[in-house]
Amino acid sequence: MKKYTYTDKKDTRSGFGAGLHEAGKRNENVVALCADLVGSLKMDAFIKDFPERFFQIGIAEANMMGIAAGLTIGGKIPFTGTFANFSTGRVYDQIRQSIAYSGKNVKICASHAGLTLGEDGATHQILEDIGLMKMLPGMTVINPCDYNQTKAATLAIMEHEGPVYLRFGRPVIPVFTPEDQKFEIGKAWMVNEGKDVTIVATGHMVWRAIQAGEELEKLGIDAEIINIHTIKPLDEEAILKSVQKTGCIVTCEEHNKLGGLGESVARFLTTTYLAPQEFVAVNDSFGESATPDQLMTKYKLDPSDIVAAAQKVIARKG
Amino acid sequence: MKHTISELEDIASQVRRDILRMVHAVQSGHPGASLGCADFFTALYFEVLNHNPEFDMDGKNEDLFFLSNGHISPVWYSVLARAGYFEVSELSTFRKLDSRLQGHPTTHEHLPGVRIASGSLGQGLSVAIGAALAKKINGDHSLVYALLGDGELQEGQNWEAFMFAPHNKVDNVIATIDYNGQQIDGPTEKVLSLENLQAKFEAFGWHVITSDGNDMEGIVKALHYAKSLTGKGKPILNLMSTQMGYGVDFMVGTHKWHGSAPNDAQLESALSQIKETAGDY
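These protein sequence lines map, in sequence, to chains A and B.
Quick note: the first sequence uses full-length UniProt numbering, first residue 1, plus one each step.
Quick note: the second sequence uses full-length UniProt numbering, first residue 1, plus one each step.
Everything labelled a hint here was simulated from the structure, so no lab data went into it.
Fair warning: this is a prediction, and the values are worked out from it, not measured in the lab.
Any given hint could be a false lead.
[To be verified] No more than 25 angstroms apart at the CA atoms, straight line, and that leaves these computed lysine-lysine pairs for PhoX-like:
(1) A:K9 with A:K195
(2) B:K60 with A:K25
(3) A:K182 with A:K218
(4) A:K48 with B:K169
(5) A:K48 with B:K136
(6) A:K134 with A:K9
(7) A:K2 with A:K218
(8) B:K234 with B:K256
(9) B:K200 with B:K221
(10) B:K2 with B:K200
(11) B:K136 with A:K25
(12) B:K169 with B:K190
[To be verified] Not everything, but these chain A residues come out facing chain B in the computed CB check (under 7 angstroms):
(13) A60
(14) G70
(15) A315
(16) G318
Think of the CB as a built atom: it goes at the ideal place given N, C-alpha and C, for glycine as much as any other residue.
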């Protein structure tokens, strides 16, 4: 198992904030919008340096999505910022009609996704957002795994023409990907090559998959770990190649098992290469208030859950 | 004036014939408010807008128009065609398979003149404000126009937008309300009362003007006046009274023709009341 170490722990939302600031420097057409959550989205640096390109919308997310769509007419590249719940479920029809169906170049940037929002509870912990967004034709869906990858993804989506949903979060987690990485939309990152089981993970679950891989190694299981940061378009080639080698797959996501990465992988594999699959995901449930770590344990998203799923899926290979 | 009032009235007359024939041909669509807004659209595209039928999505240095109540697509399509955005003959494809003239306007099929999809109500003003903000950043002094239905004002997103524009001094937007007092289920006063719209918009901080949208001279004057009010720190709201179904005696002033197509006999009767001025498509 390849060794991953870290010297720093940061939140992915800060990676977004840093990426947005850098995007603002690189391209004068980049504009940012926020619905009264500037601090939470770490947009301060952008606002300080580019005040004329920032729009405080107030607590009015529907209006924010419409204004963002309008800003693209005239060549702007709008980045909207609010919590994942208010970036998707609350404004689904606005995104569907004014952004996705209209083919507008809006970057929907969503913080506090998943359970790791913590104590605010289920009203704010959306676990359905990947599903909602990936169902929209033409929408790109990205869920990076640490600070550096989130920053790189923020810059990559600036270069991409078309609507994007960028999902990140609140907890402080290890920074283990390279600072100077090149982020390719739709291109999986091989975290560790292995032969016994494929583990694909997205977002906060990637570090947990690495921890699980180390545990599996102790059990004599050689896990191949792949980071799927782009859920749509899915890197089908990387998944197929890996599963042809290992013969089974575990999918890991901080999301409802309905509609997420796991279902995208299952849809692909059932039509191309049949292999047993196990899901490490929230089991069709809302979240609740607690610390992020407590929630990840209760909802079975710990490294030990990935280990158990890997053992189970290997046994199913027959 | 690019055209005389009489010339504009003649164009609006042909537009009304187009609307009726389009809706009749597929036995679907929304003739009521399309007929009611024929004068407004004609005035806008043939007299007021600084626009280029050689369509460019970004529309830099030209005036932009956004239709929020997308179901009145027949009037927009007719006016766009008559103004040179596409061939008039294409109106015959309205709502048919593989057409660019979808039931509700969309950019998806790349119809020249349309910059955003609309149909699900309440979204157009936000988009118009966004486009107006882009113009300000770009140092582009042309204007952004939007049309909203009055029933559509029941959608909450509009009021987010009504609050945003004055606070942010988006004074390059002219929003017109098609104030016809009708919606699918009946008069707005019965379905969900709009109460005193002028007072509401003024309380939100808009510069409100009123107009008669079925008087060509009146609507041309109102739109020119609205234009003169731009750039003074406030967004402009044109509260435009119209009659649904205007121009056809049995359609006028009722919600019954909001989304119903005339049959053959009704079409014949309606067309007999409206002069063919520029040749039917």
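Consistency of the hints with the structure:
no. : hint               : in the structure
1   : A:K9 with A:K195   : violated (30 angstroms)
2   : B:K60 with A:K25   : holds (23 angstroms)
3   : A:K182 with A:K218 : violated (32 angstroms)
4   : A:K48 with B:K169  : holds (21 angstroms)
5   : A:K48 with B:K136  : holds (20 angstroms)
6   : A:K134 with A:K9   : violated (29 angstroms)
7   : A:K2 with A:K218   : holds (13 angstroms)
8   : B:K234 with B:K256 : violated (37 angstroms)
9   : B:K200 with B:K221 : holds (24 angstroms)
10  : B:K2 with B:K200   : violated (35 angstroms)
11  : B:K136 with A:K25  : holds (20 angstroms)
12  : B:K169 with B:K190 : violated (34 angstroms)
13  : A60                : holds (4 angstroms)
14  : G70                : holds (2 angstroms)
15  : A315               : violated (48 angstroms)
16  : G318               : violated (47 angstroms)
Of the numbered hints given earlier, the model fails hints 1, 3, 6, 8, 10, 12, 15, 16; all others are met.
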